[in-house]
Amino acid sequence: MNQVFTLGAIVGILTSAIRLATPYLYAGIGEAFAQSSGVVNLGVDGIMLISAFSAFYVVLNTGNLWLGLLTAILVGLVMGLLMSLISVTLKAEQGISGIGLHMFGLGLSSLLFNVLVGTVKTITGFPSIKIPLLGDIPIVGEIFFNHSILVYGAFLLVPVAWWILDKTSWGLRIKSVGQNPAAADSLGVSVDRTRYISVCIGAMLAGVAGASLSISLLDLFQDNLTAGMGFIAVALVYFGGWKPLGIMGGALLFSTVNAFQLWMQVLGVNIPSDVAVMLPYLLTIAALAVTVNRARQPAALNKPFERGES
Amino acid sequence: MSIKRMFFVGLLICMLAAACAPAPAPAPAAPAEKPAAAEPTKAPEPAKPTEPAAAAPAEKPAAEAKTIKIAVIMPSATTDLAFSQSMYSALKAIQTEMGGEKAMELKYTENMFNVPDAAAAIRDYASQGFDIVIAHGSQYGASVQEIAPDFPDTTFAWGTDVNTFGLKNVYAYTAAAEEGGYINGVMAAMLTKSKKIGVTGPIEVGDAKTYIDGFSQGVASVDPKIEISKTWTGSFSDVALMTEAAKTHIAAGADALTGSSQSVVGSIGAAKEKGGVLWFGTQADQASLAPELVVASQVYDWTGMLKEIIAKRAEGKLGGDKYVLQLKNDGLKIAFNPDYKLPDDVKAAAQKAIDGIKDGSIKVEP
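Chain order of the listed sequences is G and F.
Residue numbering for the first sequence follows this note's numbering, beginning at 1 and increasing consecutively.
Residue numbering for the second sequence follows this note's numbering, beginning at 1 and increasing consecutively.
No wet-lab data here; the hints were simulated from the structure.
None of these values were measured; they are calculated from a predicted model.
Heads up, some of the hints might be wrong.
[What the hints assert, rightly or not] Output of the computed footprint for chain G on chain F, the stretches with three or more beta carbons under 8 Å from beta carbons of chain G:
no., segment
1, 244-253
2, 267-277
[What the hints assert, rightly or not] Pairs of lysine-lysine residues, derived as DSS-like cross-links and limited to a Cα-Cα distance of at most 25 Å, are as follows:
no., chain 1, residue 1, chain 2, residue 2
3, F, 363, F, 168
4, F, 333, G, 121
5, F, 352, F, 274
6, F, 168, F, 196
7, F, 347, F, 195
8, F, 102, F, 307
9, F, 92, G, 121
10, F, 168, F, 107
11, F, 274, G, 130
12, F, 341, G, 121
13, G, 121, F, 363
14, F, 196, F, 274
15, G, 175, G, 303
16, F, 352, F, 328
17, F, 347, F, 363
The C-beta atom is built at its ideal place from N, Cα and C for all residues, glycine as well.
Construct all of the structure, not just a fragment, from the sequences and the given hints.
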C-alpha cells in the first residue's frame with residue numbers, strides 16, 4: 001500500500017482523475033440545466049453517443065477538430081429539440097421519452113458507424129496544451145495544467161454555469177419554471193420556451209461530452225462508446241444537489257476513485273480486481289445515500305406543465 | 001393529456017424504437033441486412049446479379065449441391081479487430097472459397113453482450129433450420145448445453161472452451177492463447193528499455209487469462225527481473241476505462257503494452273498518443289490501428305477448424321469433438337507488422353520460440 005502514496009502515483013492518480021471527470025462534467029452540468037427547468041432528460045447517453053460519432057466522423061473525413069466539435073454541438077441541439085418536442089410540447093412521460101432517446105442514439109450511432117466507417121479507426125484528436133507559467137509549476141502544473149482544451153473547457157464551465165443559474169435573471173427564470181411553473185407562467189414567463197432552451201443547452205453540452213470522448217480523450221469511436229456514462233452523469237446531478245459545484249465534486253470523487261483503483265492494480269497492490277472495479281460505484285452509492293438533499297430538488301421536476309391544470 | 005396527443009406521442013416513441021432496432025437485441029433475421037456495406041475486406045456481392053439472395057431459393061431447381069446454412073452469435077461487433085472479427089473473417093473466407101452465398105448461407109448476430117438475448121438468438125437460428133450454429137463466446141456455454149438437446153439434427157459449436165457436455169451435436173473450440181502470448185512476451189522483454197511492461201484486460205478469465213499467463217512466461221524466459229503489472233477493468237465494453245488503464249501504465253513507466261479484449265483499441269489509442277510505446281496484439285491482426293507501434297499480433301485462424309466441422313457434418317458426425325488452435329496446427333499465427341522495423345535478433349528469438357513450441361521443446365503452461 002505504501003507505494004500508492006508516493007508522489008509519482010499521487011500525481012498520476014490526480015491527472016487521470018481530472019481527465020476522466022471531463023465527460024461527466026459536460027453531461028452533468030448540461031443535465032442540471034434541463035432538470036432545473038423541470039425536465040429530466042434520461043437520453044443524455046444517447047445524445048453523447050450520436051454526437052461522439054458525428055464528431056469522430058467529421059474529423060475522420062476533414063481532419064478539422066473544431067468542425068467536429070461544432071457538428072457534435074449541432075447534433076446535440078437537434079436531439080435536444082426532439083426531446084423538448086416529445087416531453088415539453090407533447091407532454092409525454094419524461095422518463096420514458098428519455099429512455100427512447102437513449103436507445104435511438106445508441107442504435108443510430110451503431111448503425112451509422114457500421115455503415116459509414118465499418119471498422120475501428122483512430123484519429124488525431126485535440127492535443128494536450130501546457131499552459132504557460134502555470135504548467136511549469138511542479139506537481140500542480142502537471143496535474144492541472146497539461147490537458148487538452150476540452151478538459152479545461154469542462155472545468156471552466158463550472159463557474160460559468162453557476163453564474164448563469166444563480167446570478168442572472170435568466171437563470172432565475174429557468175429555476176422558477178422548475179419550481180413553480182404555474183406561478184412563473186402567471187408572471188409572464190413562457191414555461192415551454194424556457195424548458196426548450198434549457199433542455200437544448202443540456203443536450204448541446206451532452207454533445208460536447210460525447211465529442212470529448214471521441215475526439216479528445218480516446219480519439220476513436222466504437223459501438224456503445226460511452227458504456228453508460230450518460231446515466232452516471234444524470235446520477236451526478238442528484239448527487240450534486242443541482243449545483244454545478246456539487247456536480248464537479250461528484251464527478252471528481254467518482255473519477256478519482258476510478259483512477260485510484262487503476263493505479264492500485266498497476267502497482268500490484270494485492271486486492272482482487274473485481275473489488276477494485278466495484279470501488280468507485282460503491283463509493284458513489286454510499287455518498288449519494290448520505291449527501292442527497294431532496295429539498296433542493298426542483299419541485300416541478302418530471303411534471304409536464306399544462307396551463308390551468310395543477 | 002388528450003387521447004389524440006397520447007396517440008401521437010406513442011407513435012413517435014414507436015418510431016424511435018423502430019429506428020434503433022439494430023443495436024440491442026435484434027431478431028436473428030434482421031442483422032443480415034446490414035453486413036454488406038460494413039464489410040470492407042471482400043466484396044462478393046457485386047459479382048452476383050441484381051436479384052437479392054433471399055428471393056431466389058424456392059424456385060431454384062435442386063440441381064446444385066445443398067446450401068449449407070451457418071449462423072454465428074458474437075459478443076461484440078464483427079469489426080472489433082479482435083475476438084468476433086477473427087471468427088467472422090474466417091467464415092467469410094470459407095464462404096468465398098466454397099463459392100459464395102449459393103454454397104454457404106451465412107447469418108450473424110453481433111453485440112450479444114447480454115447472454116439471455118444470445119440464448120434466444122441461438123434457439124431462433126436452430127429452429128429456422130440452420131445446419132451449424134456457432135455460439136462464439138465462453139459465456140454462451142450454459143445456453144448451448146440447454147438448447148442443443150432440443151435440436152438433435154443441428155450442429156452447435158461454441159468456444160472458447162473444451163467442454164462438449166457429452167452431447168453428440170456439440171463441438172467445442174478454444175485457442176491455446178498462451179502460445180502466442182509466450183512469443184509476444186519474448187519480443188516484449190527484448191524490446192523494453194524501461195524494463196516495465198503493462199497488461200490491460202477486461203476480466204481475468206478464458207483466453208484473456210491464458211494469453212497473459214503465456215506472455216508472462218515468455219517475458220520471464222528472457223529476463224525474470226522485468227516488471228509486469230496488470231489491470232483488469234471489469235468490462236468488455238468500457239473503452240474509456242481501458243484507455244485510462246493504458247495511460248496509467250505509461251505514466252508508471254511502462255514502454256510496452258499488451259492486452260486481450262474487445263476494447264483493446266483504447267489501449268492502442270493511448271499508446272499512440274504517447275509515442276514510443278510498443279503494442280503487442282492478440283486475437284486478430286491489430287497493426288492497422290497504429291502501424292508505427294504494433295510489433296506483432298497473435299492471430300486466431302479458425303478456418304481450418306471450421307472446415308473440419310463442415311466436412312465432419314457432411315459425413316454425418318454432428319459433434320462431440322473439441323478443437324484447440326495451436327501454433328503447431330496453424331490455428332495460431334504470429335503476424336509480424338511489416339511497417340515496424342523489428343531488430344533481427346528479436347525476430348530470430350521469436351522464430352526460435354515458435355519452433356520450440358511447435359516441436360515441444362518449449363512448454364508453455366496455460
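Consistency of the hints with the structure:
no.	hint	in the structure
1	244-253	holds (count 7)
2	267-277	holds (count 4)
3	F:363 - F:168	violated, 32 Å
4	F:333 - G:121	holds, 23 Å
5	F:352 - F:274	violated, 31 Å
6	F:168 - F:196	violated, 48 Å
7	F:347 - F:195	holds, 19 Å
8	F:102 - F:307	holds, 17 Å
9	F:92 - G:121	holds, 21 Å
10	F:168 - F:107	holds, 24 Å
11	F:274 - G:130	holds, 15 Å
12	F:341 - G:121	holds, 22 Å
13	G:121 - F:363	violated, 37 Å
14	F:196 - F:274	holds, 16 Å
15	G:175 - G:303	holds, 14 Å
16	F:352 - F:328	holds, 14 Å
17	F:347 - F:363	holds, 20 Å
Violated hints for the displayed structure, listed by number in ascending order: 3, 5, 6, 13.
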